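Position 19 of the sequence shown, counting from 1, maps to 226 under our numbering, and the rest follow consecutively.
Some hints here could point you the wrong way.
As the list claims (entries may be wrong) - Quick list of in silico lysine to any residue cross-link-like pairs, SDA-like style, CA-CA up to 20 Å: (1) Lys219 <-> Glu312; (2) Lys294 <-> Arg313; (3) Lys219 <-> Gln293; (4) Lys248 <-> Gln304; (5) Lys223 <-> Gln311; (6) Lys248 <-> Ile215; (7) Lys223 <-> Glu312; (8) Lys315 <-> Gly261; (9) Lys318 <-> Ile215; (10) Lys253 <-> Glu264; (11) Lys223 <-> Arg211; (12) Lys219 <-> Ala301; (13) Lys294 <-> Lys322; (14) Lys318 <-> Arg213; (15) Lys315 <-> Pro230; (16) Lys294 <-> Gly283; (17) Lys248 <-> Gln233; (18) Lys294 <-> Pro230; (19) Lys294 <-> Leu309; (20) Lys295 <-> Lys322; (21) Lys253 <-> Ala285; (22) Lys322 <-> Lys248; (23) Lys294 <-> Glu227; (24) Lys294 <-> Thr237; (25) Lys318 <-> Gly257; (26) Lys253 <-> Gln311; (27) Lys295 <-> Met255; (28) Lys223 <-> Gly246; (29) Lys253 <-> Ala266; (30) Lys295 <-> Ala285; (31) Lys256 <-> Arg211; (32) Lys295 <-> Ile215.
No wet-lab data here; the hints were simulated from the structure. Every value quoted in this text rests on a predicted model; they were computed, and no experiment measured them.
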Amino acid sequence: MEGRTRTISWLKLARKAFDEFPPEVQERMTDALIVAARGEKAGIAKPMKGLGFGVFEIALPYRGDAYRTVYAVQMGAAIWVIHAFQKKSTRGIATPQREIDLIQERIKRLKEMLK
Numbered sequence: 208m209e210g211r212t213r214t215i216s217w218l219k220l221a222r223k224a225f226d227e228f229p230p231e232v233q234e235r236m237t238d239a240l241i242v243a244a245r246g247e248k249a250g251i252a253k254p255m256k257g258l259g260f261g262v263f264e265i266a267l268p269y270r271g272d273a274y275r276t277v278y279a280v281q282m283g284a285a286i287w288v289i290h291a292f293q294k295k296s297t298r299g300i301a302t303p304q305r306e307i308d309l310i311q312e313r314i315k316r317l318k319e320m321l322k
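Given the sequences, and given the hints that come with them, work out the whole structure.
Printed below as a string of structure tokens:
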């Protein structure tokens with residue numbers, strides 16, 4: 208994949224949520240997505256367990272809050288941003304189950320859309 212940068216595509220609701228993040232968070236996460244589009248993995252990105260190969264989460268603490276963006280690299284020719292959210296839980300670092308369920312549903316719909 209050297210020398211070729213993939214397109215970063217967004218599910219509409221993920222883009223809407225991402226646009227509400229603080230500008231500094233958007234900038235750092237966009238940088239991480241650009242790294243992914245080049246076929247690499249940014250230091251603030253990690254694979255999401257239980258969601259299949261090629262699904263990653265960018266987790267960024269910022270001023271006492273936690274912001275997450277989930278993207279998939281195995282969906283067609285583009286990097287797909289599936290979900291973006293501010294993590295509300297004050298306990299632990301685990302992604303809340305309702306967010307996992309939403310991500311799974313969006314991945315399923317995206318796969319159907321890209322057939």
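(request) Quickly compare the C-alpha distance for Lys223 and Gly246 to 20 Å and report which way the hint goes. (result) violated, 25 Å
(message) Check whether the Cα positions of Lys295 and Lys322 lie no farther apart than 20 Å.
(response) Status violated; Cα separation ~34 Å.
(message) For Lys322 and Lys248, compute the direct alpha-carbon distance and say whether it is at most 20 Å.
(response) Violated, at roughly 26 Å.
(message) Need the status of pair Lys223, Gln311: alpha-carbon distance at most 20 Å?
(response) Within the cut-off at roughly 19 Å; holds.
(request) Take a quick look at whether Lys318 and Arg213 sit within 20 Å of each other, Cα to Cα. (result) holds, 18 Å
(message) With the threshold set at 20 Å, check whether the alpha-carbon distance from Lys219 to Glu312 stays at or below it.
(response) holds, 14 Å
(request) Verify the proposed pairing of Lys253 with Ala266, using a straight-line Cα cut of 20 Å. (result) holds, 8 Å
(request) Given the hint that Lys294 pairs with Pro230, test it: the Cα-Cα distance must not exceed 20 Å. (result) holds, 17 Å
(request) Given the hint that Lys295 pairs with Ala285, test it: the Cα-Cα distance must not exceed 20 Å. (result) violated, 29 Å
(message) What's the verdict on Lys318 and Gly257, does the C-alpha distance respect the 20 Å limit or exceed it?
(response) holds, 17 Å
(request) For the pair we were handed, Lys294 and Gly283, check the Cα-Cα distance against 20 Å. (result) Violated, because 28 Å separates the two Cα atoms, which is more than 20 Å.
(request) For the pair supplied as a hint, Lys294 and Leu309, confirm whether the alpha-carbon distance does not exceed 20 Å. (result) holds, 14 Å
Hints 4, 11, 12, 13, 15, 16, 20, 22, 28, 30, 31 and 32 from the earlier list are contradicted by this structure; the remaining hints agree with it.
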